[in-house]
Structure formats: C-alpha cells, structure tokens
Amino acid sequence: MNASPTASPAAAATDAVQVTGIGKRFPGVIANHDVDITIRSGTVHALIGENGAGKSTLMKILYGVQKPDEGTLVVNGEQVSFSSPTDAIAHGIGMVFQHFMLADNLTVLENVVLGAEKLHGIGDAARTRIAEISRAYGFGLDPDRLVEELGVGERQRVEILKVLYRGAKIIILDEPTAVLVPQEVDALFANLRELKDQGHTILFISHKLDEVLAIADDITVMRRGTTVGEARPGETSKRQLAELMVGSELPSPQTAVSTVTDEVQLQVAGLTLTDAFGRDLLSGIDLTIHRGEVLGIAGVEGNGQAELVETIMGMRRPTAGTISVGGQDITHWDTRARRQAGIGYIPEDRHRHGLLLDAPLWENRILGFQNRRPASNGFLIDRGASRTDTERIVEKYDVRTPGIDTTSRALSGGNQQKLIVGREMSGDPVLLLAAHPTRGVDVGAQAAIWEHIKRARERGLAVLLISADLDELIGLSDRIEVLLRGRLVGEFDPQTVTPQDLGSAMTGGHDDQDDQTEQEVSP
Amino acid sequence: MSIVTRVLAALIAPLVAVVAAMAITSVVILASGSSPGDFWSIILEPPADRVYVNIVNQSSMIFLSGLAAAIGFRMNLFNIGVEGQYQVASYAAAITVGAALLPGLLNVVLGLLVAMVVGAAWAGIAGLLKVTRGVSEVISTIMLNAIAVTLVGYLLNTYGLRSGNSRRTTEIPESSQLGGWTPFLDRDGSVWTLALLAVVAGVVFSFVLNRTSFGFDLRATGMSESAAVASGVKVNRMVVTAMMISGAIAGLIWMPAFFGSAHTYGSTFQFQLGFTGIAVALLGRNRPLGIVFGALLFAFLNEQSNRLTLLTDISQNVVQITQGVIVLAVVVAYEVVRRRQVAAEQSRVKRELDRSVPPKNEAVTA
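Top to bottom, those sequences are chains A and B. Letter by letter, the first sequence follows residues 1 to 523 of our numbering. Letter by letter, the second sequence follows residues 1001 to 1366 of our numbering.
Incorrect hints may appear among the rest.
With a cut-off of at most 30 Å between alpha-carbon atoms, the simulated DSBU-like pairs for lysine-lysine come out as follows [stated by the list, open to error]:
id: 1; chain 1: B; residue 1: 1350; chain 2: A; residue 2: 396
id: 2; chain 1: A; residue 1: 67; chain 2: B; residue 2: 1350
id: 3; chain 1: B; residue 1: 1350; chain 2: A; residue 2: 60
id: 4; chain 1: A; residue 1: 60; chain 2: A; residue 2: 208
id: 5; chain 1: A; residue 1: 60; chain 2: A; residue 2: 118
id: 6; chain 1: A; residue 1: 196; chain 2: A; residue 2: 67
The hints are simulated quantities; they were obtained by calculation from the structure and are not laboratory data.
Chain A with its partners taken away, still in its complex shape:
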C-alpha cells in the first residue's frame, strides 16, 4: 500500500474526502481535469452530471480502480494514493456498483462473507454480525435467504450490507436509483438517512435531479470532465442544476439559411415502447422530419432517447405506432432493410454498436453495408472496393491512423467516431440518426463532423439529432423537441430558445420552479 500519513491540518476531521486538482487522461481523451470536491463527514454528497461528464472515472479513482495522473486525494485528513480497491477498503471507502455483483444461487450470508471470510468467519459469528447491521439500519434482511428470491431493492441492500460488513464509513453509490421503482427509492433514501445519522458519509452519483434534491446535503456538478459548480439543495432549483449540467453558454446563432423542404422524410406516429415489466419507455411519440431538416431531441439522459433511436433503427420492436420513411411504412422491416432504405446510424455507444474493435478499419467499413455497394455485391464481399472506400473516408474525414489495416481498437475515440460518421454518411443516406455524434471527440474533429452534417443537410438529408450538449443541439437543429420520461413534452425554435427554457422543459416544467421559490423565501 502506498498510503502515507501526511499532516494536513486544513482537511481536519470534518472532511471525509477532499479531492484537489485530480486529472486523468486516456489516449486521446481527458476523462478528468482539475476536479475539486470536498465531502463533509456525515453528509450525503451528490455528484451529478450527464453521462460522459467524467463521474465514473472520478469514482474509479476514489475507489482505487484507477490511479489519477495528477492531483491529491485526502481521506479523513490523511493523504492517500490507492493502487487497488483493497487500499480504498482499508481506508473505509466502499462502493456499491450500479450492476449488482451478487451470486444468485448463494444466500445473503454467503454473498456478504464471500471474499471477507477473515473478518468474522463464515458461520454464526458472521450471521450475528449481518443480523446486527441489518437491524441497525433497518435493512430487514434475513441472512439465510437465497439472493435469487430477493427483489431489486433488497438486492441493493445486500450490496450496501456487503460494504458495511467490510467496515466502510464512506460509501459510494453509483446511480443507485436507476434500477428502482419509486417506492424502493423512498426505502433506499430512508436507509441512507439512517446511515448518515449513524455517522457514515455517502457519495451519491446520479443524474436524476429530483432525487438529488431530496436526499443530498451538498451537490457537486460535473461537466466535460471537471467540476463546474457546487450547490445546496435548499438554495438551488432543479432548473439551475440542469443548466449547470448541460452548460448555459449561449451558442453563436446559426447563420446558415434554412434548407428545410416540405417533403416529409421520417414520419413517426403514436410510437409506444413497453419494457418487459409493462412500463412505458416511449409513449405516443409523434414526430416528423422533412428533407433537409435537422430535428434535435433535448432531454436529460435516460428519458427514452436511446430507445427512440433503436426503435426507429429496428433494433427494438415498438408496442404500438408506425414509422415511415419517404412515405413508405417501415414499421415491420428489419434493421438491414431499413439500412438499405437509406437510414444511417451513429450510435450512442460506438464500442457496443458501431465498431468491430478487433477488426481492421476496412472491415469496419463493411459493417452495416454487408449487402450493399461498395462493400459487397449482395453475396460476395468486395475487398478491393471496401479498402478503396475506407481510404476515401480516412482522407475525407481526417481519420488519424497509420493505415486501414490497423484495428479500430487502436484508434483514439475521436478517430473511431470520425470513421463511423464517414461510413454512415456514405451511400447517400436519406435519414441519419445521430446520437451524440461528437461525444468524446476533440474540438477540431467536432467542428468537422458538424460541417459534414450541415452539408449533407443542404443536399436534403433528414437528421434526427440527439445530444446532451445544448450548444450542439441549438447550433445544428432546425427544430428542437424535448423528451421527458418517454414523451415529447415541448417544441422549441432554436433561433429563439434559451438554455433556461430548455432546462426547464427537460426537467418537467415550471411547477417545480415555483415550489423552489417558495422554499427559498421560507426561513
């Protein structure tokens, strides 16, 4: 262990964790820079920010999974340097991951003691200890139940119990409410308050503003890899937080002339998507995109954006509603037929949906074009033409690579993205579904990608643009719709809209703002 006790009077006993100037770089990407957070002992501290804002990297640094490149980390007044989670646990830091790490066919007891057998053995001593913790914090867990019999909320409590059993005083919870229904969220919050009252410190990571305001004592906002602001729930409104999260700098007004035609390219009517539990992920979505038009979808992530794109792409089957492209009903077409009809797709998660990481660039050019020229004649792969066209994309889209035989894994994120954009823009698509097209891309490439989209739009391309970056949305879109809890809740003109309007619509409207004002005036 590298932890070395250093006198640090500034971070006296009141601060559980003090992060100063933390930075972390990966090849081609800065995941964190100049991150400063102070977490007071015995509080619930919320860390909020969009996906990709750098929350998870920071979390991994706190939990010893990754080492920061710069900056200092002080835990309970002692400067530390973790080289593994074991070090973090030794300093009383525990983490509950979003995806539970439990063995279904083992009991609660067995899951808890697994890997911590040395603490209280695996028998009655451990059982007593687990029962004690469960009672102390109102978890209501029976050590001898099988995990597979437990509900989601109970499983989460097992995860928290695991962390407490190992002696954690500082608990990191990664988006703990993402998997819970509202009643379970209330129960979780009750548990968290109990933990807080008994002296634990909780770092709560989320992008759900309601919840953060309900539970947190302090709030830190992250954007683009760094901490951009701090807030106290009583003094801040949801809207202000939303603005901090997405950035409220006014974008430069769009000077380009509108190229919108009156020819409908994409028509979505009454689109509804229900998950396996009968919950609506999308309800009654109606939208129209014309040739030469960019429709931007604004919304806090997790409100149905990914589902909307994947349903239009044919990767999910809608429960109700119709989708038509160029006047043709494609509701029952498969993904390949939709691609062949000219739908291009820039996926949100390029590693999962956009690339074959272990294949060379020219084979990645074929992906999605397996049955189309130039990659193939419908039956045979045309290697020569695929390679030539890959060279063209590398050239035109400025993909920085030693050659087209390099595997796509070896490229930086921005260059991977440029390859995907180049590929999806080839073959003259009529409709482009672009989810976060410039996320993780360097500034130069970002401008280039915007320019490519604008030019294609002039030639009549219809674009559905999803972005967490309001500047990008306002700068590129001809129209903006707001998606909230799977519904379209408002339409805005990017020429006149303010980030405040959007922020308010994205989080559920003005009622909340009024409540907040009242709270502010009350003593």
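The hints should help you fit chain B onto chain A, whose structure is shown.
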C-alpha cells in the same frame, strides 16, 4: 505489421505450447518411474510407411471435426456436440448407403447428403433451444451427445445385423466403396478417397467466412453481437444457421473411413473424434490452416504412440497428457500474445501519429 513479423507472431504461441507440453510430459513420465528418453525416441522416430498413411487418414477426419467446432467458435457458439452429431449422422448415412437405393457413385453422394442433413438437424435442435428457450448450447449439446450414443446403440441393437458378438449395419454395395490411393505397398494401406473432403471443406470454409457477406455477418456476430445487431444481422437466425452448418460438417467426419475401409457402421466406428476436433480447433485458432497443423500433430502423436506399449512400460495414454497440455498452454499463450499485440499496436499508432501530424486538440470527456 510486415508479413514476416505476422507469421512469427502467429507461430510463437503454438511453439511455446509444444515445448511446454514436451517438458511437462517428460516430468510426468519421470514421476511415474520411466524414461522420458524412451518416450521421445519412439514418438519422434521417423514413421513407418503404414503410419504415414494412417496419419493422413486420421488427420482428414480430425480436420473435419476441428472445422465443425471452429465455425461455432467463430461465432462464440460452443458446439460441444460434434461427437453426437457425427455419430447420428454416420449411422443414418450407413443405413441409407447400405440400402443401395441408387447405383454406384450416386449412392455415395446420397450418403454424404444424408450425413450432412442429419448432422445439421441434430445440431439444429441445440440452436433452436438456444434462440427460443435460452438454453445454453454447451448444456444442450452435451446432453444431445448422451442421447445420440443411446439412440444409435438402441437402433443398432434392435435392427442391426449380428456379426460375431456385436452388431452392424448392412454392408454397402461394392460399387459404392471408395478404396483410395496406395502410395506404398498394399499391406501399408491406402489413403482414403474421401480424405479429399477435408481439403474441399477447408477451402469452402475459408471462402465463405472471408469472402461472402454471410461469412462477414457470422464473424461480426462473433466479434460483437451488439454491433452485428446494429448492422442488421439477425442474430437468432445466425445462431441456428451456424449450428446447422457446424452439424453438417460434423456429419462428414467419419465418411472417409466409412466409404474407404469400414463399409458398415458397427464395431469399427471410431468414437471421440468430435472431442479431438474441439481441441484441434482451439489449437488452430479456428483458422483452416491452423487446424490442418493441429490435426496433423494430433494424428502424428496418436499414431506414433501405438508402439509405446509394445516397446516400453509407458502407457499409450501418456500422449493424451501431451495433447491436453498443448491445448491448455496454447490457449494461455494465444491470450498473452494477443494482449501484447494490442498494446504494441496501440503504442505504434500513437508513435506514428505523433511523428506525422502536428499535435491536435485533446478531447474532453470519457
């Protein structure tokens, strides 16, 4: 990467594995109180003419089996059921050809078709169970292996002809027997005609996988199922198709021996080829050329070990330890080599780009 370094990189893992296997086998022989020297001098001495013929014949069947396993592996499907598939297919082909419905060579073609269809159907059960009921193909194919043994055993015992104290199917007509090529003396045996099936299957496999859209879909599904779905691959259909192709190739495994020398399904049926194929596919990295080498190596070790029991007190089974260690070591070695290559490529890309272009703005966010 230049061709030379690429070839070297591909060969280093298997070479390390073979050396490790030789070392560990020697230790085992020493521990059991025999002389590793004796063992290796017998294994490594130049094969007799008869043994050469056997090695070629055996490796053709092992190669087909390796190919059958490899097509599944390329798609992350673990078809452990090659063993059962070729048993059922061989029995069905033996019955069909034995019935002599068609004359001469047509009968051979019919037999091969029946073998492929039955093998595909048997494997297809596992594919369907996977896509409709979510049953892991590993579990279902292992169970189908057990069912295959029992089923064929039952059918043979009930309907088979008595020969001595065992049973067999009707012998195939002489016009459908395919002798082969005798490179040495008659008593040294001949290389079966249908050993050529291995060559044909290898070429077709390579062509389909590397040159056709279907092959691209299959490989894409193996590399990233989610990316394949987004590119328009129907994964469920691919799973069933790949299992059936795997089963169809499995159906051919025993055909060289059947038409070449056995002429009937009975006590001469050679079991275990299906499992050998899995090992050889791993050894050959699921590439036809690699599987050729794997099949030759395994056939060589098997055939050369026959004389062990005659000439020494070392059990012939020791060679299975060698084979097992080769496979284990090669899997580990491949992974080590792969990781180093990925790291090396990443740093090389970075180096070349740093040299060739001015520094670019760094991106923010993860």
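Each hint tested on the structure:
A distance of roughly 21 Å separates the Cα atoms of residue 1350/B and residue 396/A; the hinted pair therefore holds under the 30 Å criterion. Our distance criterion of 30 Å between C-alpha atoms is met by residue 67/A and residue 1350/B, whose separation comes to about 21 Å. For the hint pairing residue 1350/B with residue 60/A, the CA-to-CA distance comes to about 25 Å; that is within 30 Å, so the pair holds. Using a Cα cut-off of 30 Å, the hinted pair residue 60/A and residue 208/A holds, with the two alpha carbons roughly 21 Å apart.
A C-alpha spacing of about 25 Å is found between residue 60/A and residue 118/A, which places the hinted pair at or below 30 Å, so the restraint holds. Simply put, residue 196/A and residue 67/A have alpha-carbon atoms about 28 Å apart, close enough for the 30 Å limit, and the pair holds.
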